[in-house]
Amino acid sequence: MTISPKMRTRMTIFWMLLPTFLILIGFYLFPTLYNLELSFTDITLLKLKKGGDFVGATNYSEFLTSSTFRDIAINTVFWLTAISVTVRIVLGLLFALLLNSKFLKSMRLTTIARLMLLVPWATPPVVAVIAWRWLLDPTYGPINSWLLSSGLISDPIAFTATLSTVWPAIITIIVWNTTPLIGVSLLAALQTIPEDLNEAAAIDGATRWQQFRFITLPYLMPTISVLTLMSVIWTFNNFVYVWLTTGAGPGTFTNVLATEVYMKAFIDLRIGYSAAIGVTMAVVMAFFGAMYFRYFGLTDMQDKVG
Amino acid sequence: MRRHILTKLLLASTVLAMGASSVLADANLVFRFNDSERDEMRAALDEFEAANPGIKVELQTIAWNDARDQFLRESAVGQGPDVVHIAFVWTQEMAEAEAVLPLDELTKYGELPNGFDDFIATDLTMYEGKAYGLPWTADTWAMVYRTDVLAEAGIDDLPTTWADLRKDSEIIKEKTGKTGFSFPAANQVWFPANYYLWSNGGNFIEADGNGGYKVGATREQIADDMNYFKGYIDDGLAPRSILSIDEPQDPALMQGLMDGSQAMALMPTNTYRQLLGAYEQAHPGEDIPFNSGVMMAGSQAPQTHLGGRTLAVNANTEHPEEAWKLVQFLSSAPIFEKYYTNQFPAQKSLLSKIEYRPEELGFAKELADHTRTWGAYADSGVGVGPLWNLTARAFGTALSGQSSTEQAADDLIAEINRMLGK
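Protein chains in written order, with my numbering: chain A, 39 to 344; chain B, 404 to 825.
If you are wondering where the hints come from, they were derived from the structure by calculation, not from laboratory data.
Warning: the hint list may mix true and false statements.
[Claimed, not checked] Capping the alpha-carbon separation at 30 Å, the derived lysine-lysine pairs in DSS-like fashion look like this:
| id | chain 1 | residue 1 | chain 2 | residue 2 |
| --- | --- | --- | --- | --- |
| 1 | B | Lys741 | A | Lys88 |
| 2 | B | Lys768 | B | Lys751 |
| 3 | A | Lys88 | B | Lys511 |
| 4 | B | Lys768 | A | Lys88 |
| 5 | A | Lys87 | B | Lys511 |
| 6 | B | Lys825 | A | Lys85 |
| 7 | A | Lys85 | B | Lys533 |
| 8 | B | Lys617 | A | Lys85 |
| 9 | A | Lys85 | B | Lys511 |
| 10 | B | Lys576 | B | Lys533 |
| 11 | A | Lys88 | B | Lys751 |
| 12 | B | Lys825 | A | Lys87 |
| 13 | B | Lys751 | B | Lys533 |
| 14 | A | Lys87 | B | Lys768 |
[To be verified] Far from chain B, some chain A residues (derived; all Cβ distances over 10 Å):
| id | residue |
| --- | --- |
| 15 | Lys85 |
| 16 | Leu86 |
| 17 | Lys88 |
| 18 | Leu147 |
| 19 | Leu201 |
| 20 | Phe304 |
| 21 | Ile305 |
| 22 | Phe326 |
| 23 | Phe331 |
For glycine and all other residues, C-beta sits at the position ideal for the given N, C-alpha and C.
Same shape as in the complex, but just chain B (with noise of 0.2 Å):
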């Protein structure tokens, strides 16, 4: 009767333990992740490893460049990363590719502490009526400035408009010889390009009030916007070689920060913390010679776009259990307090408890007062991306003196309007 029992037990016992592990079954998880902390990330991961012995995750680095195409491609084919980093602006793309899994999928399987809604920019996750993907981190460009090379030119105050930033531009130069502000005239001149055509009232694309999309701006405002930035390469006042920087945080722009030569410049979030990371490491116990200050403003007031950064699981996946508990993982605050630190989470209520330090108080009011989604950019079917690449080409096209202002801006309006299909 005794041996009875005990074999009973020792049945029920592995019953109960394969049962266990069959919740979450052993699974080798692949994590994209495409920003620069990369060790910092793998710490990160080896801490959710150690708490679930039964996944493992390897982690993976794309550029950011090829990121969205690449998974595109692997996942057409059945392939590609459990977890992916991806843009806020690829998500819908993403769930149009039938790319990732929808939300209400993965959520049977452990709920968001603060619900969905703690999250911003939700909109651009959602494809017919489903959110694809998890707003992981928030970001947006504000102005950085040089302090002691401002106070070099004997300027006193932060510029607050775009006529003032070229004024100030003007004085640096005649007074110090150094560059005022300088920004990258290649592919990403497509974020200042927006801010000074949204500060004076226009959008490259916006919802017409009849459920269609048009071009938002005259071609006077965009040739007057093109000329905005032109004038800092004709005039001297920025280096010609802008042209060909792509980045922010290109070493060209950024030593320029870092030595003095340079005052006045605009980035993300990021970018910035990592400056100020890297001018820390090189003068330690020094005062820091930065600040950040909120976008210029036009003849209306200053926007930037919020943007960021998305957590989505693979419609591939074989263990999408697992995968949703790595982006759990991956959202909770301690992520952004002990290794992701040079980003903002995308959850209100983290974003409430940040603490952030003196010289970023610039990119917190800009985040807090001054930004809006890409909105009719991404809803139009147009695409961030393909209006991003028209956008900044044409701008190419007038700042290098390869066709007139108003010729890019008239070829811009063009295209764009072939793209709505007009």
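Only chain A is shown next, with the shape it has when bound in the complex (with noise of 0.2 Å):
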């Protein structure tokens, strides 16, 4: 029996590609359906000798009808997710506009001001969070000391602990830590985009405003794209910056789905309850991403590009 040419590359194809799937199946997979099968369980801490019983979706039914579903979303979806990822586009597109300005480069200050701007990306979260808990420390801490010895405030204000500040005050620390990548990420697409183009708008009589408009931002937006569906998906299942900042409080101030999976399952020990939760944000997250490339795919922006 022969093997045709065509049928020897398909074979060839499988056999490069086995791996992949081996380690998909066994590390993405495998730990998604166990995930989904305990989620249709009353598992506990305390019943994983003995395993859980099928409750069906009791687990779902009870998360998504609680007193404190509709808080928990909107934190999540709106405080988290919505107000932190605008901020860090916004603020990644100016700082990549400022470093890629010949302001800076007539200053000589490029290399220092992108190696400045790296600082807090390459800084752990625990460790941004843990120095911004000091910074915004009501008794110690040096935010406050500014703000009394200049006059602006009377007391000091507590700013983790309370309503009107808290969710600012987790914001600017994420802000903090990760604006850095969109920023570099950015600044690598506009060294791509050719400067003759901005010559011609100019000499066109096109202003700054309009090169940016019609130029800049339509080059920028295949990689705004990306970033805005990475950094809203990871910003959405994030655990840390909560949680260590606040312990989802005052109360249950600040609460979010990740802090919530972690609650239920490591302090309430139902481990079936916090992976049901689990499955709904990624569902959630799927959904986000199909709705997201439907509507604003890459594709699309590259068209547009040309």
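Fit chain to chain and form the complex, with the hints in mind.
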């Protein structure tokens, strides 16, 4: 029996892809399916040896109809994700434009500015949160000291314990720690824009704003699109910043989906219920990703750029 | 013939040596210990190793916040340290999870010098009629006072009721500008919340008299509890930042007591001893301006919880005999005399021998006359951990203004009822 060249090519592709498939099955598909299975059981940390009983969709219905669901959803979608991602994209774009500007080049500050931008990104999130908690501390924190000494406030502000300041404090920490990635990525994209396009536009009488609006921004959109998608997924699922900054408090004021997963699994010991929240989060993000590509897909963006 | 006898002697001595080594074969144990006295405990283990040449002990440390879950996860897959240091109230959960060995499987290797009845709070170690851990240390919370600040405010007598405490805080604020009473208002608000409720006749969970359990406080009682502590924050008697303070040993609270900018606090025994040690180190040779006293009374006598730590042996251990030997060693009197001196032992025979410093007498009185175990909280099946989290969160929502105290009390009662299956 002879194997046709086409078949041989297919076999080669199959064998080359097989290790990747095995890794994906072992490290992604199996845990995903196992988590899905757990979400339909009443397993707890105390029943890990015995295993849980099948309870159908009880965990899902309990979570989705719980009195806290609305607040947790708003905290996750609006405060943690929408606000922080928007601020990061806008600030990242501003940083990228600044780092790419002729002004910084003329001042010979480009290299030092780029290095400074990378410092927050190089700081581990745990360290960043601890450092910021100290900065924001009402008794010993330099921010309160400065505000008091400058006369802007008369009493120290407990930033992470006051309802009006706790979310801005968390968002500040996230933005400080993660905006550099956005800035550096957009800077790389900025540097791929042919300079003669702006020169031609300037000769045709285009203003700086018009050059930005009709040349720079369309070129950046594919990068912005991908960065936004990644940031949304990463932030929506993030646990570290909220938990280490406030422990989801005061009370439950900053409780988000990721901290709820942790509390239900490791304080209330309800692994099955917690798995159901995790599956819900994955479904929401999968739906978001599909819609995002459907309406703001990369192909479409690239078409716009030409 | 002589040669034959020599051979027999050699053979016999070899067999004897092998037999002796098989009594306690070479064993490497892991002891997971979660308190801060790591160096002292290592010194104690060195003494144990010297006395037991066949046994080596690795000392592991993990944060208390993660200790329970980490061990449960490890145990479920056949892993984990041989001997674990756990809270009293986790023992039943560990037994239910089949994570630890019952004591009757261990005492065959050696009995306890004064028997199991010599230990306190043994009810918390019982699961389905068997004991699963050895109570190791006992503690409770009591009041701590900075006597010089009280004198500066003209307060001669220590407060005895919650109303007195509030009044004295107002006087201190007015006369000295300092903080009177302050407390951790995040996770561990659980403790003062319970003490206030208990001293006013309530319980978050109590037996219903028919073999079941119910919420043992009215909405008004719980809201009153919340309002009491909320008043300190809203009226500026305690800083709002305490809403993010989890523990009494938080540097912000400890520093206030150390530098005298705060007069009154509540804390557990070991934290108080660490505070005294830190003050003595910073002010050698000076008088100690601290005193302790029993918790506040409400409409009824004061009450705090009888807490403590248990030693348990992992159900997966390959060296149960050696592990039990280590547990027996750790429970002996010299450990508390030489190494683990910030803690009170959980044995009645050892507790009665403790010589308290004058400034510790409040803790001694509290422990002797005003403590109770979590009892129904653990027995109800809800579990102290989940109830603690739920209550602390509810108090957090009320104290921060996220919701009214009445609403927070209603939500808390509804959630406890849900957990009780009602």
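A quick look at each hint next to the structure:
1. B:Lys741 / A:Lys88: Violated, at about 42 Å.
2. B:Lys768 / B:Lys751: Roughly 15 Å separates the two Cα atoms, so the pair holds.
3. A:Lys88 / B:Lys511: 28 Å, holds
4. B:Lys768 / A:Lys88: The hint is violated at about 44 Å.
5. A:Lys87 / B:Lys511: Judged against 30 Å, a Cα distance of about 26 Å means the pair holds.
6. B:Lys825 / A:Lys85: 22 Å, holds
7. A:Lys85 / B:Lys533: Roughly 19 Å between the alpha carbons, so the hint for A:Lys85 and B:Lys533 holds.
8. B:Lys617 / A:Lys85: It holds: about 25 Å lies between the C-alpha atoms, which stays within 30 Å.
9. A:Lys85 / B:Lys511: 28 Å, holds
10. B:Lys576 / B:Lys533: Measuring from Cα to Cα gives roughly 52 Å; hence the hint is violated.
11. A:Lys88 / B:Lys751: Judged against 30 Å, a Cα distance of about 37 Å means the pair is violated.
12. B:Lys825 / A:Lys87: 28 Å, holds
13. B:Lys751 / B:Lys533: 21 Å, holds
14. A:Lys87 / B:Lys768: 43 Å, violated
15. Lys85: Incorrect as stated: the minimum Cβ-Cβ distance to chain B is 7 Å, not above 10 Å.
16. Leu86: 3 Å, violated
17. Lys88: About 8 Å separates A:Lys88 from the closest Cβ of chain B, which leaves it inside 10 Å; violated.
18. Leu147: Consistent with the label, A:Leu147 stays out of reach of chain B, its closest Cβ about 39 Å off (over 10 Å).
19. Leu201: Answer for A:Leu201: violated, closest chain B Cβ roughly 6 Å.
20. Phe304: 5 Å, violated
21. Ile305: About 5 Å separates A:Ile305 from the closest Cβ of chain B, which leaves it inside 10 Å; violated.
22. Phe326: Answer for A:Phe326: holds, closest chain B Cβ roughly 28 Å.
23. Phe331: A:Phe331 clear of chain B: closest Cβ-Cβ about 37 Å, beyond 10 Å.
Of the numbered hints listed earlier, those contradicted by the structure are 1, 4, 10, 11, 14, 15, 16, 17, 19, 20 and 21.
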